[in-house]
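Residue numbers (the numbering used here), protein chains in the order written: chain A, 564 to 832; chain B, 262 to 574.
Keep in mind that a hint or two might mislead.
[Unchecked claim] Which residues of chain A face chain B? A partial, calculated answer using Cβ under 10 Å:
| # | residue |
| --- | --- |
| 1 | 668 |
| 2 | 669 |
| 3 | 670 |
| 4 | 673 |
| 5 | 674 |
| 6 | 676 |
| 7 | 677 |
| 8 | 678 |
| 9 | 681 |
| 10 | 684 |
| 11 | 828 |
| 12 | 829 |
| 13 | 830 |
Source of the hints: derived by calculation from the structure; they are not laboratory data.
Ideal Cβ placement from N, Cα and C applies to all residues, glycine included.
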Amino acid sequence: MFGVLLRTAWRRHRTLRWSLAIGLFLMGLLLAGTFQAFGTGFFPAGSLDDSSVMGVFDAFTGSSVNILTPEGWLGFGYVHPFTLMLLVVWIVVGAATAIAREVEDGTIEFLASRPVDRRVILGARMMAWSLGMVALLAATYLGTVAGIVFFEALVEFSPVQALLFPLSLVPMLVLIGGVAFLASTASSTRSRVYAITVGFTVGSYFLNFASSLWSPLEPVAPVSLFHYVSPGEWALEGIRWGPAIVMVVLALILMGVALVVVDRRDFAA
Amino acid sequence: MRPATDRWYCALMTSGQPAIAVSGLVKRFGATVALDGIDLRVPSGIVYGFIGPNGAGKTTALRILAGLLNATAGSARVLDMDVHRQRTAVQAEMGFLPGEVRLYEEASGRENLRFLAALHTRPPRRQAELLERFELNAKVLERKVRTYSRGMQQKLGIIAAFQHDAPLLVLDEPTEGLDPLMQATFVELIEEEARSGKTVLLSSHALSEVERTCVRMAMVREGNIIFEGTLADVRSRALRRMDVVFGEPVELPWKEMENVVDVEGTTRHHVVTFTGNPDALLRLVVDLPVEDLTLAPASLEESFLTYYREGTA
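Looking at chain A on its own, in the form it has when it is part of the complex (with noise of 0.2 Å):
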C-alpha cells in the first residue's frame, strides 16, 4: 500500500514540480552566466570598499564570503530569494497536500477509513515530497553545471564541489518541511499551512537578515535557521556538520510529532 499511495503523491503535482524544475534549472543556468557576464567588473572599482555595502550583500547572502568571489556568487544565488520562493512552494504544497488538503476537501473520510495506518500514509508523502525536493536540487545543480559549461564561466568548480551548494541547502529546507508537515496534520485547511510555514521562512529570513545590519538583533540571529545556512562556505570550507545535524535532527524530531499527531488526530470533513 505504501507503494500505491507513493505512486499516488508522486504523480499528483507532476505539473507542479516540472515547472519548479524548470524555474530552479534556469536559475542555476543563470548564476554562471551572470558571473561570466558581470563578474568582478560589474561594480565600478571602489563602490564596494564601503563596509556599510558589503553588509548589506553579507546579509542578503547570509554569509561573510565575498559576493564577488565565485564561491560568494553562486552561494548568494542558492539564497538568493527567488530560489527560494521556488523551493518554499514546493514545501508547502507538498506538505499541505499531505494531510490539510484532504481534511479541506472531505477526501479524507473515504482515505482514512480504508484499512492503512495513518501513519503509512504521511509517510508516503513525505517520501514523494523529499523524492521531488532531490528533483528540484538536482535540476538547480544541473543548470548551475551546464551554465558552468556552457559559459565557460567559474571553471575552478568541478562538478563535485558545485553539487555541496545544493547540498548546503538541504537541512534547511527538511526543517521547513518539517514545520510544513507539523503543520498539516494538526490543520484543516491548506491556509493554515501556508501561513503557518511561510511565515516561519520568511520570520526566519527577516531576522536573520536584520541582525546582520542591526547590532541590538545580533544576539538573537543564531535562533533564525538562515543564520546556519551559507552555501559560500561550505564550498569554501567544506560541509558545516554541527548546524546540519541540529536541522535535520529537528527535523526529523517534527516529521516525528507529526506521524504521532496524524494517528491521534480527528478526521471530519
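Got chain A; can you put chain B on it based on the hints?
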C-alpha cells in the same frame, strides 16, 4: 474460495455476539457534546437503522465506528475488536460510506475507484457487477469526478464501499442525491446483503428507507438514544386515529381505556386517538350499530414524530 476472515465472521454470527457494541460513548467537540454516553448493540447479520434529525449525533457515531474520530469516553467494539486500538483491523472488515461523498475531483471515476480499492486488504471483487447495477459505464468512468453530478458521485461512493464484499457495512445517509430508480436499486442491494448474512448499519433521516430495509433501529436525539427496538415497537407507540360512525347516538367510556389519548366528535361520530393495539377498542364497538369504521395505519413517520415530541422513550 472465500477468505478466512469470512469464516471468522460466520463464527462470530453464530456465537451470538453483536457485530457492533457501543457502551457509554461520549464525543465532545470543545464545549459541544455530540454524543452523550450512548449504548448500542447491533446484532450480527441484520440491517440496523440509525435515525434522527440533522445534528443529532448519527454521523459522529458512525465516524467513530469507522475509525475517523476518537471517542472522548466510552468504548466501541466492532466485530469483537476495539475500534480505537485495532483500527485498521476493524477497517479491513468494513465498507464505509461517508455522509457526504467527496472524491478526488481531478481524477477520473475509474482512478478514484482504483486508488480506493488498492488501499483495501480485500480485493474489489464486486466492482464490475456494481458498476453495471448503478449504470456507471466506461465512458462515464473516464470522466473527471469534478464533472459528476451529486448523484453520480454518490453512486461511485456506494460502489467504493460495497466493492470489497466486507462483512460489515456502515453507511451514512446512503441514498442522498440518488434518483428514485437508483434508490430502488440501492434498497435491492441492501436486501441482498441482508440475505447473505452481512451486517449493515445505516443512518438516515429518510424514514421510508429505514422502514423498507431495517429490522431494528435506534433513534438518536441531541446525542442520546431515545429509542431502540424493532419497527413494530416503534409503531406500537405511534398515535393512531379511529373514526367510528354509529347508526344512533352512543355514549362509550373511551377515556377510561388505558391507551386512549383523546376523544373528539359527536355522539354519532367518534374520533378516538390512541396508541398501540386497537383490539380493546374494537371489542367495545363490536355489538353496536356501526355504519362506518376507519382505522388509520401507524406510520413510522408519525411514530418518529411522536418520539421526538416526547423526547424520551
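Hint check:
1. 668: The hint holds - residue 668 of chain A has a Cβ within 10 Å of chain B, the shortest such distance being about 6 Å.
2. 669: Check passed: Cβ of residue 669 of chain A comes within 3 Å of chain B, closer than 10 Å.
3. 670: For residue 670 of chain A, the interface hint holds, since the closest Cβ of chain B sits about 5 Å away, which is under 10 Å.
4. 673: holds, 6 Å
5. 674: holds, 7 Å
6. 676: holds, 4 Å
7. 677: Since the shortest Cβ distance to chain B is 4 Å, the answer is holds.
8. 678: holds, 4 Å
9. 681: Holds - the Cβ of residue 681 of chain A comes within 10 Å of chain B, reaching about 8 Å at its closest.
10. 684: holds, 9 Å
11. 828: Result: holds, 8 Å to nearest chain B Cβ.
12. 829: holds, 5 Å
13. 830: With Cβ-Cβ at 5 Å, under 10 Å, it holds.
Checked against the numbered hints above, the structure violates none of them.
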